[in-house]
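What follows is the residue order along each chain.
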Amino acid sequence: MSTKNEKIALDIEAYLKEHENKDMLRFLTCGSVDDGKSTLIGRMLYDSKMIFDDQLSAAESESEKYGTTGEKIDMALLVDGLQSEREQGITIDVAYRFFTTENRKFIIADTPGHEQYTRNMVTGASTADVAIILIDARKGILTQTRRHSFIVNLLGIEHVIVAINKMDLVDFSQDVFNEIKQAYSELADELGIKNTYYIPLSALNGDNVVDRSTQTPWYTGKPLLELLDSMDISKEIKEEDFRFAVQYVNRPNLDFRGFCGTIASGSIKVGDEITVLPSGKTTRVKSIINAGDITESDREATTGEVYAPMAVTITTEDEVDISRGDMLVHTKALPRVSNSLKVMLVWMDESSMQIGKTYDIKRGTSVMPGVFEHINYKIDVNTYERTQVDALDLNDIASCKMVLTRPIAADKYKENRQTGSFIIVDRITNNTVGAGMIVDVAKREEETKVKVHREYTQAEIALNKYIRENFPEWNCKEL
Amino acid sequence: MITKEKLTHLKQLEAESIHILREVAAEFSNPVMMYSVGKDSSVMLHIAMKAFAPAKPPFKFLHVDTLWKFHEMIEFRDNRAKELGFDLVVHSNPEGIAMDISPFKHGSKVHTDIMKTEALKQALTQGGYDAVIGGARRDEEKSRAKERIFSFRDKQHRWDPKNQRPELWNVYNTAIQKGESVRVFPISNWTELDVWQYIYLEGIPIPSLYFAKERPVVEYEGTKILVDDDRMPKELRDTAKMEMVRFRTLGCYPLTGAINSTASTLPEIIKEMLLSTSSEREGRLIDKDQIGSMEKKKIEGYF
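Chains as they are written, first to last, in my numbering: chain A, 1 to 479; chain B, 1 to 303.
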């Protein structure tokens, strides 16, 4: 800490220069209050100077009221946000916290660990690159460890740090550490988690959090913060993976028609041939604006090549029909287009999911009605057992068949987290009732029609006929 | 082929914020961006100007003027609106004006309730806005750490912290009924340091109140406040002393504490912030009334 402050005091300009080139890492912490999760986060924030004195003194006065650590300041109170949580001593909702080192800015998704808050953990996991799974050294792998690991893997997090906490309560025993490590690596293999890292910790005392602990001379790995700071989470950007969901059509005047959006993956350059999906029309990229390059004095700056995750505006050579919700891709590497998808669902609402009911599905920037035709199986997050069910309740995770009212260009979630994910919105309450991940995309010939069970009135049938006869270009189907 | 090229954290944050703004522009019929003249608003304005270039942002900018803002803020606001050509709407609570509400006479709570919370509700109701873009950050205050980027408000503009919509990936649920609205926070994931660094790198203009200067200040309710006009009670004004001060946040001058400082450039401000031992909201009298007071205010409708 003090060397950092010296650098700041001596040469702020050099310090700022260094910090311009930082990257960002988002991680999730899984565990409950009993595992010392809030304490660990409080420790990371405090030791990296993200907690200020006035916040500390507020926590001190609250420690007297709600604290559980006696004389010491309750680190957990520094991070538990809402008043009801402070009173109950539990973390209910996802909270986002931030700290920074010289190399990286970190965003922590701090989520509750109990089973009734599975949806909150799924929410936090959806944007994380790395997960820290806390294990109480005295207890080893518990049911909740299996649950947390399952969710982390389901949401596509490829790096898992297993933080074996409360080592002070097992005399920093290497044997205990090794036993838990062995047991967890079997679990990781069972789930298919790619990269695992193990650290012996005491969040309460700060062992192996920021600095290497003298209590664990047998541990040769990095302390937690150093590991987070140095781990390589970058992915190759492959040009052909280009996916661009059109978000907004920018048409300030007749001479300019730009398609705004954020590049989900891959890269694109001026002159590339692109295909608009689902229509299948093709054109070429005429010009590209990288919004980040725009300045007050140059509001028309263009660039030659852009890549994920830039927010850009693309114009095309030809006047093809492109609107919000369409996907632009390289013509040479087309994804599958279908309205029939095999998906994994996480149900997030108190009212249960019904087969055959129409929901709004928002994937990327497109919203369309869809139904779940069939539940293949529900999976138990603790035992990984599969069962047959007819409906899904809050926190249920299941494999389903989803049929949309129109086809979309879709990728598998494990290949593309941006284009392979969607949320489910109730059409009456407007609540986000579920989240889904695409597992497989049916080929065109296997596409199924949405089975809508409704009776039409005479007036509706007449309207349909009128539209078909007078507006054939609308391609309206006969009822 | 580009391999392993990465955006810096600021460019990633910027891209995320642009994505959010475009989502608002595409999905809502009558969005508005809150413009409070401070550094966070300056960053949001800058990002909005980028997101829709070469066009201008397709929404209005709303300033709720409590009539007790620093004079320089109002000048700065009007200049920026002229330079950039954005569509500025200013609202003050007419009932508050009729009552001649003053933080000195009525206290911070009454002033904030009437001139800020009520005024905001009036402006939003009158404008009929269905999406209100604000510059709140999650690192500012504990209750904000849990708020969504697209944060639902009922017809009375109230926030229900225990019943928030799950928010996953970068897929935002924008569905609402008529009369309901969302508050959208595009710079949720920025920290105070990110904001300052971005201002520095991008050369974004901010009011000079952020920079240290000799200014007349008085001791008031435990902090130093600026003598900005003669509505300050005379007995208080008579205690004024010239001191080198600056402001870490900008708001109503009687409610915004100055800090002693010599930081007169951006790098010096950042340096001071990094070496400081108190949070930026410390100078704000509004947060300290009671534990969880910001959470209470938000439930009542204060952004």
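Treat the hints as calculated values from the structure; they're not laboratory data.
Note that the structure is a prediction, hence the values are computed from the model and not measured.
There could be a bad hint or two in this list.
[To be verified] Simulated pairs of lysine-lysine, DSS-like, Cα-Cα distance not exceeding 25 angstroms: (1) A/K269 <-> A/K235; (2) B/K6 <-> A/K194; (3) A/K238 <-> B/K11; (4) A/K17 <-> B/K6; (5) A/K181 <-> A/K139.
If you check each hint against the structure, which ones fail?
none
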